[in-house]
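J.: Each chain is listed here by its residues.
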Amino acid sequence: MSNTQHLHDFTTQVRRDILRMVHAVNSGHPGGSLGCAEFFTVLYQHVLKRNPGFDMDGKGEDLFFLSNGHISPVFYSVLARSGYFPVAELATFRKLNSRLQGHPTTHDGLPGVRMAAGSLGQGLSVAIGAAQAKKLNNDNHLIYALTGDGELQEGQNWEAIMYASAKKVDNLIATVDLNGQQIDGATTDVLNMGNLKAKFEAFDWDVLEITEGNNIEAIIKGMEEAKNRTGKGKPVCVLLHTVMGNGVDFMMHTHAWHGKAPNDEQLAIGLAQNAETLGDY
Amino acid sequence: MKKYTNTGSKDTRSGFGAGMTELGQKNENVVALCADLIGSLKFDDFKKNHPERFFQIGIAEANMIGIAAGLTIGGKIPFTGTFANFSTGRVYDQIRQSVAYSDKNVKICASHAGLTLGEDGATHQILEDIGLMKMLPGMTVINTCDYNQTKAATIALADHHGPAYLRFGRPVVPNFTPADEPFVIGKAILLSEGTDVTIIATGHLVWEALLAAETLEAKGISSEVINIHTIKPLDDEAILKSVAKTGCVVTAEEHNFLGGLGESVARVLALNNPKPQEFVAVNDSFGESGTPEQLMEKYKLNNLAIVEAVERVIKRK
Chain H
194 MSNTQHLHDF TTQVRRDILR MVHAVNSGHP GGSLGCAEFF TVLYQHVLKR
244 NPGFDMDGKG EDLFFLSNGH ISPVFYSVLA RSGYFPVAEL ATFRKLNSRL
294 QGHPTTHDGL PGVRMAAGSL GQGLSVAIGA AQAKKLNNDN HLIYALTGDG
344 ELQEGQNWEA IMYASAKKVD NLIATVDLNG QQIDGATTDV LNMGNLKAKF
394 EAFDWDVLEI TEGNNIEAII KGMEEAKNRT GKGKPVCVLL HTVMGNGVDF
444 MMHTHAWHGK APNDEQLAIG LAQNAETLGD Y
Chain P
98 MKKYTNTGSK DTRSGFGAGM TELGQKNENV VALCADLIGS LKFDDFKKNH
148 PERFFQIGIA EANMIGIAAG LTIGGKIPFT GTFANFSTGR VYDQIRQSVA
198 YSDKNVKICA SHAGLTLGED GATHQILEDI GLMKMLPGMT VINTCDYNQT
248 KAATIALADH HGPAYLRFGR PVVPNFTPAD EPFVIGKAIL LSEGTDVTII
298 ATGHLVWEAL LAAETLEAKG ISSEVINIHT IKPLDDEAIL KSVAKTGCVV
348 TAEEHNFLGG LGESVARVLA LNNPKPQEFV AVNDSFGESG TPEQLMEKYK
398 LNNLAIVEAV ERVIKRK
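From first to last, the protein sequence lines stand for chains H and P. When the letters of the first sequence are read in order and numbered with this note's numbering, they come out as residues 194 to 474. When the letters of the second sequence are read in order and numbered with this note's numbering, they come out as residues 98 to 414.
One or more of the hints may lead you astray.
Per the computed footprint, the stretches of chain P lying under chain H, defined by three or more beta-carbons under 8 Å from a beta-carbon of chain H, are [to be verified]:
id, stretch
1, 153 to 159
2, 163 to 171
3, 189 to 198
The calculated DSBU-like cross-link candidates involving lysine-lysine, where the alpha carbons are at most 35 Å apart (straight line), are [claimed, not checked]:
id, chain 1, residue 1, chain 2, residue 2
4, P, Lys-231, H, Lys-360
5, P, Lys-145, H, Lys-252
6, H, Lys-427, P, Lys-123
7, P, Lys-144, H, Lys-425
8, H, Lys-420, P, Lys-338
9, P, Lys-412, H, Lys-252
10, H, Lys-427, P, Lys-144
11, P, Lys-372, P, Lys-412
12, H, Lys-392, P, Lys-144
13, H, Lys-361, P, Lys-123
14, P, Lys-123, H, Lys-360
15, P, Lys-231, H, Lys-425
16, P, Lys-123, H, Lys-328
17, H, Lys-328, P, Lys-372
18, H, Lys-453, H, Lys-390
19, H, Lys-288, P, Lys-231
20, P, Lys-144, H, Lys-328
21, P, Lys-372, H, Lys-360
22, H, Lys-453, H, Lys-392
23, P, Lys-412, H, Lys-360
24, H, Lys-242, H, Lys-414
25, H, Lys-252, P, Lys-231
26, H, Lys-252, P, Lys-123
27, P, Lys-412, H, Lys-242
28, H, Lys-242, P, Lys-144
29, P, Lys-329, H, Lys-288
30, H, Lys-252, P, Lys-329
31, H, Lys-361, P, Lys-145
These aren't lab readings, by the way, just hints derived from the structure by calculation. Backbone N, C-alpha and C fix where the C-beta goes; we use that ideal spot for every residue, glycine too.
This is chain H alone, in the form it adopts within the complex (with noise of 0.2 Å):
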C-alpha cells in the first residue's frame, strides 16, 4: 500500500503544475485537468504495474490510454513526475518545437504517450487493440483508458463499447470522467445520455461506480475493485463522478475553465489553495 499522504501531495503538486501551464501560454484545458488530478495520481502513483523506462510496445506492463487528449496538462504533469520525462520540460507546454503539444502525441517522441488524442472518440478503440494485442502475447498485463463523459457523444465509442463486450475483452478497464459539463454547458443540456450505467450494462459490460472520484482513497478502493472484477470474461467500465476544476474553487462546478486559462491574479488565487509540494518546475 503506498503512502497516501504522499499521493495528497502529489496531487497538490500536479493542480500547481497544472495552474502554471496553461496560465504560461494563455490556453489549454485547466477544468478537466483539474477534475482528473487524483485519478491520474492514484493511477500512475498505485494501480499501474510500469517498468522503468519507456518502450511503445509496453510488453510486461499495464498500459494507459488517454482518450481525451484535452487534458493534457493533467497528463504531462503526472507522467513527468512519474519519471518518463524531466520535470523542467512541463514548461514547453503547448510552446513552439515542444514534445509537450497541445494535445498529446507519440510524434514527437515524448515518453509515456502511445497514441495521438485530442480528436475525441478514438482512445477507447485503440485501447481495445492494445489489450488484444496482450492477449495474443500472452501478456496478462492490463489496459487502462480514460474518456470524458461528454465525449460520449461521439458514435464510435458505441462501436467500441459493443466489440469489447461480444469479443470479451475483459482485460481492459476503461474510466469515464463523469464530470457532466463539456465546451457549450452541462451535458445534460447540450445532449442528455441518460443513465451510462444501465447504456453500458446493456452493452453487457461489468460497471462500478466511484462516486467520490476527487478522494485519493475512493479511488484506490475502486480501482482495485475494479482490477478485481477483470479477468471474468467482461470488459470493466469504471464510472468516475468527478468535479470539474477540483481544487480551485472558482473553478470548481462549472464548464466556463474547460478551456480558458487564469489570469495572473486567478493564478495566484489557485496557487494559493494548493501550496508547493513537491517542488514547482
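Guided by the hints, dock chain P onto chain H, whose structure is given.
T.: Same frame as chain H, but now just chain P:
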C-alpha cells in the same frame, strides 16, 4: 515494343488474399481485421488457418482502424480490409490521428476501388481515395495492377515499417506481372521502352496502357510505358529520366484527376522539367451503375482513351 502475356485473368483482390495466406504462414506478427467483408476481401484462408489472429470487427470501420492502431502496440502488424470507400473517406479522421499522426504500423488494404466495382454505383465507387491518403504525412500509397503484383505488394508491406494504403479492385483483369518479380515499394517498373511519349499508369490502367502502346506502335508512335504501383513515395527519378527522352507524358488512373497520380506526376515535372501532360482520369465526377467495361468506356478510362490522349499530347510537344 516488349510484349506481355496474360497468364490467366484474375482479380487483384484474390492476389491480396493469396498474399495474406502466405504472410499468415511466415510472419506470426501479421494480424488481419475485417469489417464484415471476409469473402469480398478474400480473407477466408487467413481466417481458417489463423483464427486467433483474425479479427471480425463487424460493420464498424472507425473501430476497426482504432483497434488496428492499438494492435501495433505490442508488435503486431495489422492489415485491415474493407472496400476502398469504407477504408478511407469513412474513417479519414481515425486514420489521420490514430494511424498516420501516431505513426502506427497499420496496413489499410482496400478492395473494390474505383469504377470497376460496377453495378453497386457511386455510393461504393470511391474515386478520391488516392488523394485522401497521399495527403497524409508519412502514408505510403500503393495501387497495384494485377494479381501477381497485388500478392507481392501485400507480402512486401509486412516488412515495411509505417502506415500504408494498399488499393486494389474487384474485377477479373489480365495477370501479366511475373510471379517471381520482387515488389520494391517506391520503385517504378519500366514495362516498355519508347521514344515519342511516356505513358505512366497505375492499377487497372496499366494493362490498358500496354494495349494502347500496341495500337500506337501500329500507328508509328513509340511509347514508353511505366507501371507506377507506388504513388507515394513517387519514383521521381524514373519519371524524369523517361520524360527527358520522350518530351511528353500521359498519366492514366482509375481515380479523379484531382488528387490522383496525374497531379503527383505534374508536380514532379513542374519542379524539374515542365513538359506537356494529358490526364486519363475521371473528370471530377461521381461514378454510376453499370458493368466495369461500360463504365471504363463511358468515363474514358480504357486503352482507346489513352491512345487519344497520346495523340493530343504529342501535338503539344
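J.: Keeping to a limit of 35 Å between CA atoms, is the pair of Lys-372(P) and Lys-360(H) held or broken?
T.: Since the Cα atoms of Lys-372(P) and Lys-360(H) sit roughly 56 Å apart, the hinted pair is violated (cutoff 35 Å).
J.: Given the proposed pairing of Lys-412(P) with Lys-242(H), does the C-alpha separation stay at or below 35 Å?
T.: 71 Å, violated
J.: Regarding the pair Lys-242(H) and Lys-414(H), is the alpha-carbon distance no greater than 35 Å?
T.: 16 Å, holds
J.: Need the status of pair Lys-123(P), Lys-360(H): alpha-carbon distance at most 35 Å?
T.: 26 Å, holds
J.: For Lys-412(P) and Lys-360(H), compute the direct alpha-carbon distance and say whether it is at most 35 Å.
T.: 62 Å, violated
J.: For the pair supplied as a hint, Lys-392(H) and Lys-144(P), confirm whether the alpha-carbon distance does not exceed 35 Å.
T.: At roughly 32 Å apart (the allowed maximum being 35 Å), Lys-144(P) and Lys-392(H) satisfy the hint.
J.: Please verify the coverage claim for the stretch 163 to 171 of chain P: does it have three or more residues whose C-beta sits within 8 Å of some C-beta in chain H?
T.: holds (count 9)
J.: Is it true that the CA of Lys-231(P) sits at most 35 Å from the CA of Lys-360(H)?
T.: Measuring from Cα to Cα gives roughly 33 Å; hence the hint holds.
J.: What's the verdict on Lys-329(P) and Lys-288(H), does the C-alpha distance respect the 35 Å limit or exceed it?
T.: OK: Lys-329(P) and Lys-288(H) at ~31 Å, within 35 Å.
J.: Take the C-alpha atoms of Lys-144(P) and Lys-328(H), compute the straight-line distance between them, and say whether it is at most 35 Å.
T.: 18 Å, holds
J.: How about the stretch 153 to 159 of chain P: do at least three of its residues have a C-beta closer than 8 Å to a C-beta of chain H?
T.: n = 4 at 8 Å, threshold three: holds.
J.: Is the hinted pair Lys-288(H) and Lys-231(P) satisfied, with a Cα-Cα distance of at most 35 Å?
T.: 29 Å, holds
The earlier numbered hints that this structure contradicts are 8, 9, 15, 17, 21, 23, 27.
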